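Peer 1: We have chain A already, so just place chain B on it with the hints.
Protein chains: 2
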Amino acid sequence: MVTHKVTFHPSERSIRVDQGENLLQAAMEAGIHINASCGGSATCGKCKVRLLSGKVDSPPHQKLSEEEYRSGYRLACLTSVTDDIGVDVPLESQVDRSVLALKGDRGSARYLLSPKDIFQLVRGWDVDPTVFKRYLELDPPTLQDNKSDLTRLINGLAKRHGIEGVSADFRAIMKLSRVLRDSDWKVTVTLVLTKRGYKLINVEPGDNTRQNYSIVIDLGTTTVFGQLLDLNQCTVVGCPDGQCDGTTLFALAEASDYNAQISYGEDVITRIVYSQKPGGLKKLQEVVVGTINGIIEELLTMSGVDRSLISHFVVAGNTTMTQLFLGLDPKYIRETPYVPTAHFVPPVRAVHLGINIGDHVHVYIFPMVASYVGGDIVAGILGSGIFQREALTLYMDIGTNGEIVLGNKDWLASVSCSAGPAFEGAGIKFGMRATRGAIEEVGINPHTYEPMILTIGRAKPLGICGSGLIDAVSALLETKMIDQNGKFHRDIPTERLRNGADGYEYVLAWKEETRLQEDIAINEIDIENLMRTKAAIYAGCKVLLDSVGLGFKDLEQVIIAGGFGRHLDVEKAIFIGLLPEIDINNFIFVGNGSLLGARLLSFSKDLLKETERISLMMTNLELSNHNGFMNEFIGAMFFPHTDATAFPGVMKRLQQPGREESSLKSAGVVS
Amino acid sequence: MVTHKVTFHPSERSIRVDQGENLLQAAMEAGIHINASCGGSATCGKCKVRLLSGKVDSPPHQKLSEEEYRSGYRLACLTSVTDDIGVDVPLESQVDRSVLALKGDRGSARYLLSPKDIFQLVRGWDVDPTVFKRYLELDPPTLQDNKSDLTRLINGLAKRHGIEGVSADFRAIMKLSRVLRDSDWKVTVTLVLTKRGYKLINVEPGDNTRQNYSIVIDLGTTTVFGQLLDLNQCTVVGCPDGQCDGTTLFALAEASDYNAQISYGEDVITRIVYSQKPGGLKKLQEVVVGTINGIIEELLTMSGVDRSLISHFVVAGNTTMTQLFLGLDPKYIRETPYVPTAHFVPPVRAVHLGINIGDHVHVYIFPMVASYVGGDIVAGILGSGIFQREALTLYMDIGTNGEIVLGNKDWLASVSCSAGPAFEGAGIKFGMRATRGAIEEVGINPHTYEPMILTIGRAKPLGICGSGLIDAVSALLETKMIDQNGKFHRDIPTERLRNGADGYEYVLAWKEETRLQEDIAINEIDIENLMRTKAAIYAGCKVLLDSVGLGFKDLEQVIIAGGFGRHLDVEKAIFIGLLPEIDINNFIFVGNGSLLGARLLSFSKDLLKETERISLMMTNLELSNHNGFMNEFIGAMFFPHTDATAFPGVMKRLQQPGREESSLKSAGVVS
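These protein sequence lines map, in sequence, to chains A and B.
Residue numbering for the first sequence follows the working numbering, starting at 1 and increasing by one per position.
Residue numbering for the second sequence follows the working numbering, starting at 1 and increasing by one per position.
The set of hints was computed from the structure by calculation and includes no laboratory data.
Model, not experiment: these values are computed from the prediction.
One or more of the hints may lead you astray.
Pairs count within a copy or across copies, as identical chains cannot be separated in the list.
As the list claims (entries may be wrong) - Below, simulated EDC-like cross-link-like pairs (lysine to aspartate or glutamate); rule was C-alpha separation at most 20 Å, straight line: (1) Lys609 / Glu164; (2) Lys147 / Asp329; (3) Lys605 / Glu556; (4) Lys195 / Glu164; (5) Lys195 / Asp169; (6) Lys147 / Glu612; (7) Lys511 / Asp126; (8) Lys199 / Asp169; (9) Lys199 / Glu612.
If we strip away everything but chain A, and leave its shape as in the complex, we get (with noise of 0.2 Å):
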């Protein structure tokens, strides 16, 4: 990828950024404020920037006039690099330098992996496909050898491929005959590895083998993912040794969408109430396979992959989820003491659920360790290595709940946190989920208390997501507009800070830059509840380690799993007492975990064991019996935290001179 230095005056910071990048975006990155209210959409016209020296791809606006669009103004939100260039930022823009210390010369996202990184987190693992398949050329039956077919294909796979001690599916022994016959007996064979040995579950004429497909969901409480995955890309595209190098086990293809139960509830606990009416499980289960369903459509559209060659399924999902998937009564999940039905479920078979694909295909259900604690986090805790390594690691899994898992190679250690849904946009006036139009970066600069803000999608913005929102409290915190308590000065000098019908509030788009009829802003009860969000997190890390007699300073790695970490800004999380205060290179993020670990686990039959013995090894701690648990939540129901000595860095920055000591004349904002 071809990449451009773009140099940004009078401070002459710069920051190199791939071919195309937006502007304003490479800004926000580079820690340049540019006055920007409408999230990107060319709708404020306030992002106006000069270009200096190179070229740029950026068309006229009726926002600039001519005679700036020929002096080299342009909208840093439709500036497109294509050039190293200088551009020049208006004085109003620019922040000082101490305010973005932490940005630092260290570039950004450097804690965000690349796939390949990530997929060797998990190492020492031979691609060697759970389901897999194997060709066959038997010999026709004679009347001297005029054994069963089965038997023929039993023994031929025993004698051929060396596999012993296969069971057979009966569906697959309901076709077996025919299809021996219709492929002049060379057939494909599709195995699966369980618990008890080998199963056959498929077979199809002629040479199959380089055809083996595998699903994978991630079955969320808000949005279900799905990857495709060609099980032989490995092999085929070559691994040194059996080894795969990781590169290869990319999927073929991505979809997602919202889980339709949504309509019925939006937490886990709002679902499980509605499981409880007539019918209501049934409706719940029936949706969210229709959702699956519409992925697994959209997958094959997409990579153009036969449904018939569908081998594998694999869901990964929370404790509730994963019940109402298979239509288990998630009742006393709800009810103390907080009991699912089963660790592990057995497979079963994919059509028996309603998922459209061969009725061959069973579904791979990730063990659970709790009601609160599921298959998504034991996928994730596969996926990320920390089963097999002695770095002393804490896993979190950012979501509606916040589950959070410590250990390494030799034990593991959960808590659950009832997080609230705060980051998926619940209980935030003009919260949303991280889709188009949601507000996902902000700065406000310190002088002029004017924002900058980025939307998904650069679309004009619709509301704040959860990145968007720790984003907007760090800079409210940062630019000393709200206290500790997180409760807005009333005396800051700026139009956007206003006592609203919810109480004290910032502007941070007004309503002729947004989609909606009102301007979007956020308010102190906004803030109080990512507070209790952020405060019932770093709480649950708090215990876990407390059980353990562990404390942050002996965390070797933090990772962060989940789609919202792939936003979070590990600094402003910090900043707020989200995450703990401790070296941000010790901080990965790996994305979505949940998929992560359900696509290791179609690729190797070993991880299918240590799946299973990671469920068996983690221990987990019941959080509403923790005496300890409400105490270190009400402790942290403070920006950052009330023990001060827990946060130094965080306590640093904000001891630092603030708005009345601060003057924009140190800024060289004014003379």
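Peer 2: Leaving out everything else, chain B in the frame of chain A:
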């Protein structure tokens, strides 16, 4: 049971019979000929006898004058024995002793084992059913111990009952949480031992261990038999040292019906042909399941057992019946080289096949050896105990096909010969199955050529069944009405021998004595068909013995199975050359061997393993590929056989003075 002594005069022959025994039947068993050509239905009035001493229960009849009745004359067919009696048989009915030599003094049917004896054919097994229930009282979960319901249950099984490595069926998991709580954590679980370990298939509230039932099905081409077993009865009744004494293994209820597939073909070949028509396989599967469901209803009604208490379902059938039942295309069973789809079929959920029984019940299918040696034969070998004895044994299941197994505990070899359906009534002009009105026993007076026939149910004759056919041909041969080629001597002085529409025939019953509009007769074509059948079976036995270098003289035991065997008279079967001429004390009839084995399997895990061993141990010899078979078959197309040395005893009887040399005088019939 009270028995009485019946003495026939003037022969002074006596026999002990059960209270209420029919006098005509008693005469037949004693070898006393009494003319009777209406099958015992009180129509012909020929079975007139005179009571000399004792009392009987016998009504007057229009064929008896008042004077005759006062003088002690009774119709034997209407007479029930209720006392020790003396009976005078009219001169014209008596037969000389020489003819009856073989009936001898050994009493009737010594080779018929009692049910208790039959069960003791297999030794050394513990009553330990494959499907069993265990009661568990579990500790309810707490916040300190909130593992999943399934894990709690499985741990409980290990702790309380020492049962390890249990996997769970998904349907059991589905209701687990509710049942555990509804029953206050006191439940009964149903477990099944599979080849791959224990599987939990059901969970019920409370202690239900005393109610555990099995249904076993003998799936025949013509008839389907079912039995309902109490899997606990043995232990409840008490078996010393856990060894069952056999007497407690009787079925609670028995039921049978014609296989409804009969409408689509009389034998396996025509069924296979039908299955190849569009929708044919589905239709055949549906109708046989319909038959089975009818039998289940009857068993449940008879026994009063609730459907939900049936835990196990065992099916033994020939390979074609098994495949049709399962919906497995039987096409290749019929085509050379005669390959079945599978020898072992995994347990299939009963409801999946349409069987109206609890959805936790799995169908155990007896393994099959070859296309024409099916699970019914494997079950028979299991039930008859051959697999554990030193003695060289020949096992014959005589039905539409003749399946023959030779061997002992170390080896087993099988053949199947297409015997044709003569024994089941097909291919015989007045042939019928062994149901009410079928002539099942036949004697012929060698002097008068008058018949003595008994029908099933003492009903007016409708036709002749397999055992009646053998009896009739044996009698025709003994009386020298037919020669050893099965052709009638044309000059027999009786109106019963005549040249009918289908050639020469012997009239067994006149039209007015039957329920038909015509006389019931046996013709030369019928006799030839019987000869083909007996020749095929005999040749099959011979070839099987030859193949291992043995002869009939080496046989230490011959076990005859099949519903047919129950009515078969061994001496008559030897006389026509159907069975080899060996010591008749070596013959054992086990009745329905298939049901016998299925019943044993239900009661014993060990025998489940033995069943698999039996099927793997058995080597099948394909007769269609065997050079010697046709020669042996042709050699056997003679009564008893072209090799007279193989039947010295029969030859001696045949060489006794024939009708020309004999005279009524020697029998004392005429002076």
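Peer 1: Quick one: Lys195 to Glu164, C-alpha cut-off 20 Å, is that within a copy, between copies, both, or neither?
Peer 2: both (14 Å within a copy, 14 Å between copies)
Peer 1: When Cα atoms must be at most 20 Å apart, do Lys609 and Glu164 count as within-copy, between-copy, both, or neither?
Peer 2: both (19 Å within a copy, 19 Å between copies)
Peer 1: Evaluate Lys199 and Asp169 at a C-alpha cut-off of 20 Å and name the case that applies: within, between, both or neither.
Peer 2: Both. Shortest intra-copy (7 Å) and inter-copy (16 Å) distances satisfy the 20 Å Cα cut-off.
Peer 1: Within a copy, between copies, both or neither: where do Lys199 and Glu612 come within 20 Å Cα-Cα?
Peer 2: both (19 Å within a copy, 19 Å between copies)
Peer 1: Within a copy, between copies, both or neither: where do Lys147 and Asp329 come within 20 Å Cα-Cα?
Peer 2: between (46 Å within a copy, 16 Å between copies)
Peer 1: At most 20 Å between C-alpha atoms: does Lys195 with Asp169 qualify within a copy, between copies, both, or neither?
Peer 2: both (15 Å within a copy, 14 Å between copies)
Peer 1: State whether the alpha carbon distance between Lys147 and Glu612 is at most 20 Å within one copy, between copies, both, or neither.
Peer 2: between (38 Å within a copy, 15 Å between copies)
Peer 1: Can you give me the call for Lys511 and Asp126, within, between, both or neither, at a CA distance of at most 20 Å?
Peer 2: This pair counts as neither: shortest intra-copy Cα distance 56 Å, inter-copy 83 Å.
Peer 1: My question is about Lys605 and Glu556: at a cut-off of 20 Å on alpha-carbon distance, are they close within one copy, between copies, both, or neither?
Peer 2: neither (29 Å within a copy, 54 Å between copies)
Checked against the numbered hints above, the structure breaks hints 3 and 7 and satisfies the rest.
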